[in-house]
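Participant: Chain by chain, the residues:
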Amino acid sequence: MTVEEILFYAMSTVLVGAAVAVITVRNPVHAALALVLAFFATAFHWVMLEAEFLGILLVLVYVGAVMVLFLFVVMMLDINVARMREGFARFLPVGLVVAVGMMGLMAMVVGAGVFRIPGPERAAADHSNTAALGHLLYTEYVYPFEIAAVILLVAIIAAIVLTLRRRPGTLHLDPGRQARVRRNERVRMVKMHSEKQ
Amino acid sequence: MNLHLPDFAPVLPELTVMLMACAILVIDLFLPQERRHITYGLTQFTLLGGVALILVLATPDPRITFGGSYVADPLSDLLKSAVLLISAVVFLYARPYLQARELYKGEFYVLGLFGVLGMMVMISAHSLLTLYLGLELLALSLYALVAFNRDASAASESAMKYFVLGSIASGMLLYGMSLLYGITGSLNLTGVAAGIVAGLTSPDLNLALVFALAFVVVGIGFKLGAVPFHMWIPDVYHGAPTPVALFISAAPKIAGFAIAIRLLVDGLAPLQESWSGMLLVLAVLSLAIGNVVAIAQTNIKRMFAYSTIAHIGFVVMGLMVGNEQGYAAGMFYVLVYALMSAGGFGMIMLLSRKGFEADNLEDFKGLNDRSPWFAFVMLLLMFSMAGIPPTVGFYAKLAVLQSVIQADLIWLALFAVILSVIGAFYYLRVVKFMYFDKPVDDAPLTGSGDFNVVLSLNGLAMIALGLFPGVLMSLTAAVR
Amino acid sequence: MQISAKITLLLTPLLLAVAYTTFAERKIIGYMQIRIGPNRVGPRGFLQPIADALKLLTKEVIVPTNANRYLFLTAPVLAIAPSLAAWAVVPFDDGMAIADINAGLLYILALTSLGVYGIIVAGWASNSRYALLGSLRSAAQIISYEIAMGFALVGVIMAAGSLNLGEIVEAQRGSVYHWFLLPLLPLFLVYFISGVAETNRAPFDVAEGESEIVAGFHVEYSGMAFAVFFLAEYANMILISALTALLFLGGWLSPLEGLLPQAAFALPVIGWVLDGGIHWFLAKTAFFLFLFLWFRATFPRYRYDQIMRLGWKVLIPVTIVWLFLEGVAVAFGLGPWFA
Chain A
191 MTVEEILFYA MSTVLVGAAV AVITVRNPVH AALALVLAFF ATAFHWVMLE AEFLGILLVL
251 VYVGAVMVLF LFVVMMLDIN VARMREGFAR FLPVGLVVAV GMMGLMAMVV GAGVFRIPGP
311 ERAAADHSNT AALGHLLYTE YVYPFEIAAV ILLVAIIAAI VLTLRRRPGT LHLDPGRQAR
371 VRRNERVRMV KMHSEKQ
Chain B
1482 MNLHLPDFAP VLPELTVMLM ACAILVIDLF LPQERRHITY GLTQFTLLGG VALILVLATP
1542 DPRITFGGSY VADPLSDLLK SAVLLISAVV FLYARPYLQA RELYKGEFYV LGLFGVLGMM
1602 VMISAHSLLT LYLGLELLAL SLYALVAFNR DASAASESAM KYFVLGSIAS GMLLYGMSLL
1662 YGITGSLNLT GVAAGIVAGL TSPDLNLALV FALAFVVVGI GFKLGAVPFH MWIPDVYHGA
1722 PTPVALFISA APKIAGFAIA IRLLVDGLAP LQESWSGMLL VLAVLSLAIG NVVAIAQTNI
1782 KRMFAYSTIA HIGFVVMGLM VGNEQGYAAG MFYVLVYALM SAGGFGMIML LSRKGFEADN
1842 LEDFKGLNDR SPWFAFVMLL LMFSMAGIPP TVGFYAKLAV LQSVIQADLI WLALFAVILS
1902 VIGAFYYLRV VKFMYFDKPV DDAPLTGSGD FNVVLSLNGL AMIALGLFPG VLMSLTAAVR
Chain C
-18 MQISAKITLL LTPLLLAVAY TTFAERKIIG YMQIRIGPNR VGPRGFLQPI ADALKLLTKE
42 VIVPTNANRY LFLTAPVLAI APSLAAWAVV PFDDGMAIAD INAGLLYILA LTSLGVYGII
102 VAGWASNSRY ALLGSLRSAA QIISYEIAMG FALVGVIMAA GSLNLGEIVE AQRGSVYHWF
162 LLPLLPLFLV YFISGVAETN RAPFDVAEGE SEIVAGFHVE YSGMAFAVFF LAEYANMILI
222 SALTALLFLG GWLSPLEGLL PQAAFALPVI GWVLDGGIHW FLAKTAFFLF LFLWFRATFP
282 RYRYDQIMRL GWKVLIPVTI VWLFLEGVAV AFGLGPWFA
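Protein chains in written order, with this note's numbering: chain A, 191 to 387; chain B, 1482 to 1961; chain C, -18 to 320.
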């Protein structure tokens, strides 16, 4: 075995192990951390495939940002693990049958020689796939690229529409409004005669 | 650096809708509530302007650009115009409802426009990638719109169901697409078709292709709402605010039909024998379950949901036939269906008012006493949905049945006729409620001028198109 | 092996620098507050960091009751590993880097974004409310500032046309006016502010917030485990300073280049000092490191909501606007920077 093959199998073992851990460990925080590990192993595979830009991006976006927020939420939620496992045990037989069936089908159908995309040729050491990717994204694939951008915009709008609400009666202070207050809005000058003893 | 820029001219309609949606998003931010009608006006302007642009740019031969990921042909011109027009009608119907319920916000229009953009992208897709992205853009906008009324728990629940099921379906579709890409080595639909033709010779590949096809059909079936992938429709129609249910029920079905044509006919034509069989099952089940279960509904939105499923059965039947005549019939049906559905939900919104949803069948009782004219409009819509001549619904069903009979599937045609007759029962029950029962509720109907005019036109279109079905039919036959 | 020699050559001075940064911090802040600072251990207190390290080494690491022992002890490692690994691509002089990779900037960005795991995991595994609060604050803060930081870096990438740190420095060659500091001034400010926030330093140190939540995420840590968090924080500070020097101040390039006549650089010893080299890079890094310490002595801590507002409503819009302007400048080849 070459070094690359050893690395490949080692990282694949980590990847599969982490992926199994994501769905089997009891603690949701541990599951999220296992998912992080799985992303790492995937990024490693991508880098081995000479897609180093995508590999690093996977770490940057998924590990560095998405999973952090994920952990953030998981830590805030008080997830009742026992109740979740109840369903897990109940649906396990059905799930297993479906999973094994699907795997069997896939193994049967997607055998060797079905995929006919030729493997890419090994690029020169100084080849920058970042530049190549950028070039393609902004010319030939600019249409799907822009649609993807619009999808993200819609996701932002949707999230804000569904969560932003101004509750009446909160004690929120607006410093700008406080600073703009004029004297005659707050104080009323009253002329009155001193009361006689 | 020398960038070879692709041809941007054919995508001008999409570009316009996108830029206008962004502009409306920003403009709306600075509008006070009492000037929200500017947002509405701009939205309508965008939709109608889009139609105008499409008509101006239309040419008989297809224009493919962006490395083969976009196509504008007569089919896309017709379907995109239909989507834009139907959406304009939907926004018009939705306005009074939203105003009465403090849902009259700019985001409704922005999300709606992005949904429309998603449909346009789907219709013009010429690669697996754009097709999927358009689908996701539409779906994401719809999820948010269903949950738009945040304080209604039914809406949130149905949005959640829709989201979970929709994601699973998208995953299925994506899985099928990835297999297709792996087998054919192309994302481009023409390339996919060529790759399949080349691959059909080997039995190994044949099996893998059918495997991929199954996933693709499941995905399409879900998006169209064909049985057994229909579970989301009744809950979403029921839970969503009525304008959103209207939006979902009308134009997205046209887009769903378009992706079925693009994927199955343009991309997977060599596998037609395989997918015809799958669609046959979907069509038969949809007709049976849609028509039978609709009888048991007391909520009119749920009834429309099952009626949608039954109509989709007809559309799928047209696709299943697998020749030009069948596609044209299916397209005619889906266009007519969108029009009928818009009218039906428009009637619900006409009857509803602040604090009252009018979504029970009982609420239609004695409509004739309250407003003979709108009872008549509803009568036309119901007749058309049931397929009673001379309304256009009859011709739609007839066209599909003709194509089925010509394909020597007499038993299927008979089955469809029998179930349509069963289905006529629940449509006619509405008519009976309107004309022969006493009103339970005698509040005056509140519709503004434009709402009433368009709703009346919508109803009259049923009979007008029914008297002259050739106009639309020749259009659908010409583009296919 | 050669590579391990390189790594040792990098890490030993780095860790020494970290140790003496703590000393410098105490001294500098001391003088700013008209105190003397540590002056008892060794001449003028110069052995103070060694004494501190020895003290921490001999202390017991206490794992709190019901804490998640395994994660509790992993967290410091998670914090320090990325902050040391990021140094692999930092060039000290032309070509003087452990790994000169194409996507170097991206690699650094990815690794610095991982440091937050140490903090989050520490806060969660400690089974303490203060610690959890600190880690939640830190997670939200780091995510928010990472966006501004990334956008600022996009500006640098656009100007340099490369992701390789060496090439980015070379793109600033010419004279002091060619440094990206001038054309990208707003991005420079955004980058450095975000850098301070990313390292959880004052005035953005709400994750520690000793006056509000005792010590935030590391309240339960003691002994060497605590020291490792400290090391990570200071290594990150030095990293951000070094990156700012590389990206905006021309790294190892001399500020006198292009100002003095060529003959000046040919002089025996003076020429070497005047010409670009590692000493300029270290001097620039030291300057930014000093800024870190100065900020701590001068600014009061931001309130949490103010941090969020600054990140999302000020820094991000500034970067977006400047990226647009820069795009126009690049398209028209505005000299001398984008020509």
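For the record, the hints were derived by calculation from the structure and aren't laboratory data. Where hints are given, some of them may not hold.
[Claimed, not checked] Label-pair ranges, simulated between beta-carbon atoms: (1) A:VAL380 <-> C:ILE301: 29 to 35 angstroms; (2) C:THR279 <-> A:PRO310: 51 to 57 angstroms; (3) B:VAL1898 <-> A:GLY291: 34 to 40 angstroms; (4) A:SER318 <-> C:LYS(-13): 19 to 25 angstroms; (5) B:GLY1652 <-> C:ALA66: 48 to 54 angstroms; (6) C:ALA66 <-> A:LEU327: 26 to 32 angstroms.
[Claimed, not checked] Selected chain B positions facing chain A (Cβ under 7 angstroms, derived; list incomplete): (7) PHE1511; (8) SER1622; (9) GLY1663; (10) ILE1664.
[What the hints assert, rightly or not] From chain C, some residues computed to sit far from chain A (all C-beta separations above 10 angstroms): (11) PRO19; (12) LEU28; (13) PRO45; (14) LEU92; (15) PRO184; (16) HIS260.
Being a predicted model, the structure only gives us computed values, none of them experimental. A virtual CB, placed ideally from N, CA and C, is assigned to each residue, including glycine.
Participant: Each of the hints needs a verdict: does it hold here or not?
Facilitator: Checked hints:
| no. | hint | verdict |
| --- | --- | --- |
| 1 | A:VAL380 <-> C:ILE301: 29 to 35 angstroms | violated (53 angstroms) |
| 2 | C:THR279 <-> A:PRO310: 51 to 57 angstroms | holds (54 angstroms) |
| 3 | B:VAL1898 <-> A:GLY291: 34 to 40 angstroms | holds (38 angstroms) |
| 4 | A:SER318 <-> C:LYS(-13): 19 to 25 angstroms | holds (24 angstroms) |
| 5 | B:GLY1652 <-> C:ALA66: 48 to 54 angstroms | violated (35 angstroms) |
| 6 | C:ALA66 <-> A:LEU327: 26 to 32 angstroms | holds (29 angstroms) |
| 7 | PHE1511 | violated (16 angstroms) |
| 8 | SER1622 | holds (6 angstroms) |
| 9 | GLY1663 | holds (4 angstroms) |
| 10 | ILE1664 | holds (6 angstroms) |
| 11 | PRO19 | holds (36 angstroms) |
| 12 | LEU28 | holds (39 angstroms) |
| 13 | PRO45 | holds (16 angstroms) |
| 14 | LEU92 | violated (8 angstroms) |
| 15 | PRO184 | holds (19 angstroms) |
| 16 | HIS260 | holds (30 angstroms) |
Consistency note: the structure conflicts with the earlier hints numbered 1, 5, 7, 14.
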